[in-house]
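Enquirer: Protein chains in written order, with my numbering: chain A, 90 to 364; chain B, 173 to 343.
Hints should not be assumed to be uniformly reliable.
Rough simulated footprint, nothing fancy, chain B against chain A, three-plus residues with beta-carbon under 8 Å [said to hold, decoys possible]:
| # | region |
| --- | --- |
| 1 | 94 to 108 |
| 2 | 277 to 291 |
| 3 | 304 to 315 |
Keep in mind the hints are simulated off the structure, nothing from the lab.
All of these numbers come straight from a predicted model, not from anything done at the bench.
C-beta atoms are modelled at their ideal positions from N, C-alpha and C, and glycine is treated no differently.
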Amino acid sequence: MNSDYLWDGTGAVDPEVARLEELLSELRYERDWQPVVRPRRRGPIIAALAAAACVAVLVTWSATRQSTSVTSEPAPTSAAAAGTPEVVNPFANERAPRRARSNDVVNPFKSAPSANKSTPRSPGSAEVVDPFKGSPRATHSASKPAELLDPFKGKTSAPPTTTGRNGVVNSWATSADKKSLGASDVAPVIARQRSEIASKCWTPARDEAPKSAPKSARVVLTLRIAASGRVLSATASDPAGYPGLGSCIAGRARNWVFPVSSSGATINVPFIFSR
Amino acid sequence: MRVVATEDDSLVRAAQRGDQVAFGRLFERYTRLVHGVLLSRLGKADADDLTQEVFLVAFEKLPALAEPDSFGAWLAVIARNRATDFLRKRPRESEILPDLPTFDPRRAEAEQVLEVIRGLPEAYREPLVLRLEEGMTGPEIAARTGLTPDSARVNLHRGMKLLKERMKSDE
Chain A
90 MNSDYLWDGT GAVDPEVARL EELLSELRYE RDWQPVVRPR RRGPIIAALA
140 AAACVAVLVT WSATRQSTSV TSEPAPTSAA AAGTPEVVNP FANERAPRRA
190 RSNDVVNPFK SAPSANKSTP RSPGSAEVVD PFKGSPRATH SASKPAELLD
240 PFKGKTSAPP TTTGRNGVVN SWATSADKKS LGASDVAPVI ARQRSEIASK
290 CWTPARDEAP KSAPKSARVV LTLRIAASGR VLSATASDPA GYPGLGSCIA
340 GRARNWVFPV SSSGATINVP FIFSR
Chain B
173 MRVVATEDDS LVRAAQRGDQ VAFGRLFERY TRLVHGVLLS RLGKADADDL
223 TQEVFLVAFE KLPALAEPDS FGAWLAVIAR NRATDFLRKR PRESEILPDL
273 PTFDPRRAEA EQVLEVIRGL PEAYREPLVL RLEEGMTGPE IAARTGLTPD
323 SARVNLHRGM KLLKERMKSD E
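Using the sequences and the hints given, assemble the complete structure.
Expert: So, in structure tokens, the structure goes:
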């Protein structure tokens, strides 16, 4: 047996170890929750348009107010115009709050400490008009059919590494960039509901279950989540021996609110209960 | 390995402050560990399901983790405890619905090998599953689980030797 190969995969390949590696790879965590590939910052083009929009708004604003402070405001936009990768995307900052107001959706992560720390808001950015609102580019994701996602079915391999301006990023991207729902968005929402699901759904179902009922139950909850974060539909079938368990979970899940995203998602959430 | 550990430390600290992105990164980095720990004790379907639960529990308890550099070992303990709890509460065989039969011969063979691994002493099971099934290297296993490299290496080699012997005797 080649000890180096077994230890760290170096040295001459041990045929028996290699065979077992290949064979057992069949059993890997295979719930392919595909990170949603989405357009990232559009680079200089968007940055230039953003800068133009900012300047236009600021000039208009200052003209109407007869203010002379315009020169102090465009500092962030000049950086955007330069197209530097580190530039703060004004749309990333502004889009979520605007949606939240218009849809009256409570974003549970809005007050998260890290949510906006990485993207400090510039003084003038509150006035920025989003020139891409309603444009084909902005609605690109929404036009795609909802993908079936499992929030916990992560790939065990490394995440997508293409992060160029016109490349892709995965759903673990920063909150400021976040447009699509990922496991890190969904998991905390569900985690907060576990105790309620247990006390309001599982406990009554368990107490009312016949003695012949199985001692464990598995419910897969399917959620269709809108871009606003609201649950459009929630379905779950009742497991054998526990009538009403699935419908109870689905009924409660309809009131859950997820973070705002660009296109929403359909996710499967398995619950396992045991007596 | 220390670089990896430092990166993980900072991710853990960020996640403790509520950084969802950092937790997402930890999920990516530690899924294999959690799944491997569970799979060395449970069937694949249960291990897949419970992998999710382990991370949910970890997310809830993370702020209480005093030593971020022991995140991997801490997570492995959660996974082991969850597996133990699951096995303790699991219904007897006659009371559960049978899994769907496996028609894929390779999958069936893999399940057989895994059964043999599960029959090995506990100290050997996890390193073998993490190495052979999850594809982690020995140094990774040591770093993630908190074992010393020497212990991980010994367990891996002794386990492999025992596995080969058991597989031969089963033939």
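Enquirer: None of the hints should be skipped; say for each whether it holds.
Expert: To see whether the hints hold, each was checked on the structure:
Against chain B, the region 94 to 108 of chain A contributes 6 residues with a C-beta closer than 8 Å to a partner C-beta. That satisfies the three-residue criterion, and the hint holds. Counting residues of the region 277 to 291 of chain A whose CB lies closer than 8 Å to any CB of chain B gives 4, which reaches the minimum of 3, so the coverage claim holds. Here the region 304 to 315 of chain A counts 3 residues with a CB under 8 Å from a CB of chain B, which clears the bar of 3, and the coverage holds.
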